[in-house]
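Colleague: With these hints in hand, go ahead and build the complete structure from the sequences.
If you're matching them up, the sequences are chains U and X in order.
Mapping to this note's numbering: the first sequence position 151 is 151, numbers consecutive.
Mapping to this note's numbering: the second sequence position 381 is 381, numbers consecutive.
Don't read these hints as lab results, they were simulated from the structure.
Careful: at least some of the hints might be erroneous.
Copies of the same chain are indistinguishable here, so a pair counts whether it falls within one copy or spans any two.
Said to hold, decoys possible - With a straight-line cut-off of 30 Å between C-alpha atoms, the simulated BS3-like cross-links for lysine-lysine are:
1) Lys-62 x Lys-52
2) Lys-23 x Lys-416
3) Lys-5 x Lys-62
4) Lys-228 x Lys-53
5) Lys-274 x Lys-245
6) Lys-274 x Lys-5
7) Lys-228 x Lys-50
8) Lys-53 x Lys-99
9) Lys-53 x Lys-23
10) Lys-121 x Lys-5
11) Lys-5 x Lys-99
12) Lys-126 x Lys-53
13) Lys-274 x Lys-53
14) Lys-99 x Lys-126
15) Lys-50 x Lys-121
16) Lys-50 x Lys-274
Predicted model only: the values in this text are computed from it and were never measured.
Here is what each chain is made of, one letter per residue.
2 protein chains.
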Amino acid sequence: MHMNKPLNIAIAGLGTVGGGTFKILQENAGLLEARCGRAIHIVAVSARDKNKKRAINIAEVKWVDSPADLLTLPDVDVIVELIGGSEGVAKLLVEEAFKAGKHVVTANKALIAHHGLSLAKLAEAKGAAFGYEAAVAGGIPVIKTLREGLTANRFHAITGILNGTCNFILTSMMESGQDFATALAQAQHIGYAEADPSFDIDGIDTAHKLTILTSLAYGCPPDIHAVKIEGIRHITARDIVFADKLGYVIKLLGISTRTEQGILQRVHPCMVSKLSTIGRVAGAYNGIIIEGSSVGRLTLEGQGAGEGPTASSVISDIADIARGIICKPFGIPVAAIADIPRVPIDTLRTSYYVRLAVIDKPGVLASITAIFSEENISLREFQQYPQGNDQPVQVVLITHETLEFAMLKALESVSKLNSVLEPAHMIRIEAL
Amino acid sequence: MHMNKPLNIAIAGLGTVGGGTFKILQENAGLLEARCGRAIHIVAVSARDKNKKRAINIAEVKWVDSPADLLTLPDVDVIVELIGGSEGVAKLLVEEAFKAGKHVVTANKALIAHHGLSLAKLAEAKGAAFGYEAAVAGGIPVIKTLREGLTANRFHAITGILNGTCNFILTSMMESGQDFATALAQAQHIGYAEADPSFDIDGIDTAHKLTILTSLAYGCPPDIHAVKIEGIRHITARDIVFADKLGYVIKLLGISTRTEQGILQRVHPCMVSKLSTIGRVAGAYNGIIIEGSSVGRLTLEGQGAGEGPTASSVISDIADIARGIICKPFGIPVAAIADIPRVPIDTLRTSYYVRLAVIDKPGVLASITAIFSEENISLREFQQYPQGNDQPVQVVLITHETLEFAMLKALESVSKLNSVLEPAHMIRIEAL
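Modeller: Here it is in structure tokens:
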């Protein structure tokens, strides 16, 4: 097994994931050689600052200042793009790598969500591998599972906790009773949330990942604009307490469903049963439920971010290339990737949690329930929580399954009532 | 994509899994062709009775009476062995298939547990694929996950609910309060347990699967004789009630751990937290926790048996061959598979549940606790449950973490006490 030519790779970007990839490739070199039937050699690296203090020793590896220069080296088989960002340097590097006939491995979800189809075309034209296991759910091998492990299946639904930052914040809020701002600040303090957290907490990162899973599952082009996106900024400590009383926890989910009408992709906070598998995915963990025609329901749970788990996925992609495992980037040839009608969220049918702050006077509840009744929305539960001290009464409604379109109309009308003091707080409930 | 030569397969065995494989290959032929870049053709089948009434139409496919005759057909690329059994027809067919240069896909765990290494040698000699995803955990792609999805990792532990029949029986006992015999009879009645259930309930099936996962994870030969096996026949409704009071459920687990000392493989009932992910895997579902050096803890949960899930795995293996994905059967070359020292279960350190039926008289408890104290076993909890009507008192002890060797000595001594009326009931506790 030592006779085979090594696989030569070049790494662009030596941040958390790049550094971890470098380190693990060195530590487990012998194991990887046995498993792949050939050695994996890091021939060159590129990052912003050559002299930055690092936990890895890059002295024995060629350094280039510009990532583009990695492409001019004579014997690089694989470009490992760990720079990030959907445009600019990362995009150019990946495009040029494919044009030069190199394989590419990346953790860049934004890049694939925005340019996945055109990049897949470039890869396919050269028979190159385009590995992006690390782009979705950290160490969980969900890309391989969808693309290879479940080839026999038509998929109906993908549901996931895909952003560890949001799950960490929501878990902290639940465990400590903190409000959103405090939990966010704490997550920033310990490095689980970035200084500008909007990519995570506004649901954009989850949406990027969801589009990738959607493309793989259903064979359509990734389309970030087709995703209904709602983040977690508006989740209050009060909603979490009320959810708990009702047997629910609040999770930011990415959900992609396929029916005869088409595909619905949505990212928003959901109430799910505390006892469900997904409800018990806590802290920075990710969890994904795949529903397929033969396999039924398959759930994967693991660490969604961090050096080790993400590097694990990057290296698995590199190892696949070393072993000659090269799949079509989205599981089918680009020519077979077809637009599938998109279904608007108005057509969603689910049950809803609605919280209203109301003036405590006779007739208020009657006027609220009348509005729901007008929209043919039937209520499953109804609770009043007086807050004392002339504070508004908190009213919590749980509906039976109903149409989102009707719900939005009802909420608009209810929020206009004089006795309703704030816009209605609505959280969708998922039966998982 | 229609230009590539189809992959021709022959199926031996048309029971639940064989029939399901046949059906899904036909139903999803177009999808599979798009995903694999070539068609998958069933060219021949063999089963015990040609004229048996089946839900599938085999009229257009060549029939042979003897599975061995599948090997004489001119253009079969893959033999799909779904006959079962570790010896006899199945073994011969797989051996001869490899010798004839065919790829093999199978769901036969017993065959691999007993003859995995020699079969892998035959496969490797011809560069043939040996796919056995369906042999472990039904539809859960755990083989692919270990072999390809987590290539970067050294593994420390694999823990799994690997037998749906046992999990179904234990879940029924918990939900209904039934005793073991009733729950087993019910499982047999609805087809979840076989007329002779010993393979499942005595832990042998779980042990077969555990040896396969062990070999893949650590690179050692499968060795069924190295597994400490204990089934679930002795689990009583009373133990399940007491477990519940303590916050536990009882699951039959297969656990394979690797330390510097070596590998410990064991199959036995365990108490695990009701709130743990594995504790919540109910009914006929399977669940597997993989612990790896980079990925940390990864959990997979899904249907562990049945037509659809098992056929899903069989077909994924076939599809891999169609796409040219051919791995070494155990992830590394046979020459690199090495014996690793086996650690005896005596050296296990865990905490224990012990239930004793004792005569209610002064001094009994003192003599019991004295024995545990002599063996340096410290107790974490201690409960007495008087049963009234001159029935023996049930005493439940939970120990702190202790050595199995000491525990077995203590149990032997305790069971000899005149005031202790039955041999001690011991169940290991796993912190998961």
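Colleague: Indicate, hint by hint, whether the structure satisfies it.
Modeller: For each hint, the structure was consulted:
1. For the homomeric pair Lys-62 and Lys-52, the shortest alpha-carbon distance inside one copy (16 Å) is at most 30 Å, but the shortest distance between copies (67 Å) is not.
2. In the homo-oligomer, the alpha carbons of Lys-23 and Lys-416 never lie at most 30 Å apart, since the shortest distance is 59 Å inside one protomer and 56 Å across protomers.
3. Taking identical chains as interchangeable, the C-alpha atoms of Lys-5 and Lys-62 lie at most 30 Å apart only when both belong to the same chain, with a minimum of 19 Å there against 44 Å between chains.
4. For a Cα distance limit of 30 Å, the shortest separation of Lys-228 from Lys-53 qualifies neither inside one copy, at 42 Å, nor across copies, at 49 Å.
5. In this homomeric assembly, Lys-274 and Lys-245 come within 30 Å of each other (Cα to Cα) both inside a single copy, at 10 Å, and across copies, at 20 Å.
6. Proximity of Lys-274 to Lys-5 under the C-alpha cut-off of 30 Å is found in neither arrangement, the shortest distances being 52 Å within a copy and 51 Å between copies.
7. In this assembly of identical chains, the alpha carbons of Lys-228 and Lys-50 never lie at most 30 Å apart, being 41 Å within a copy and 54 Å across copies at closest.
8. Within a single copy, Lys-53 and Lys-99 get their C-alpha atoms no closer than 34 Å, and across copies no closer than 56 Å, so neither meets the 30 Å cut-off.
9. For the homomeric pair Lys-53 and Lys-23, the shortest alpha-carbon distance inside one copy (14 Å) is at most 30 Å, but the shortest distance between copies (59 Å) is not.
10. With identical chains, the CA atoms of Lys-121 and Lys-5 are at most 30 Å apart both within one copy (28 Å) and between copies (23 Å).
11. For the homomeric pair Lys-5 and Lys-99, the shortest alpha-carbon distances inside one copy (23 Å) and between copies (28 Å) are both at most 30 Å.
12. In this assembly of identical chains, Lys-126 and Lys-53 lie within 30 Å of each other by CA distance neither inside one copy nor across copies; the values are 38 Å within and 49 Å between.
13. Taking identical chains as interchangeable, the C-alpha atoms of Lys-274 and Lys-53 are never at most 30 Å apart, the minima being 44 Å within one chain and 46 Å between chains.
14. For the identical chains of this complex, Lys-99 and Lys-126 are intra-copy neighbours only, at 8 Å inside a copy versus 35 Å across copies, given an alpha-carbon limit of 30 Å.
15. For the identical chains of this complex, Lys-50 and Lys-121 are neighbours neither inside a copy (34 Å) nor across copies (47 Å), given an alpha-carbon limit of 30 Å.
16. Taking identical chains as interchangeable, the C-alpha atoms of Lys-50 and Lys-274 are never at most 30 Å apart, the minima being 48 Å within one chain and 51 Å between chains.
Figure legend: structure checked against the earlier numbered hints; hints not met, in rising order: 2, 4, 6, 7, 8, 12, 13, 15, 16.
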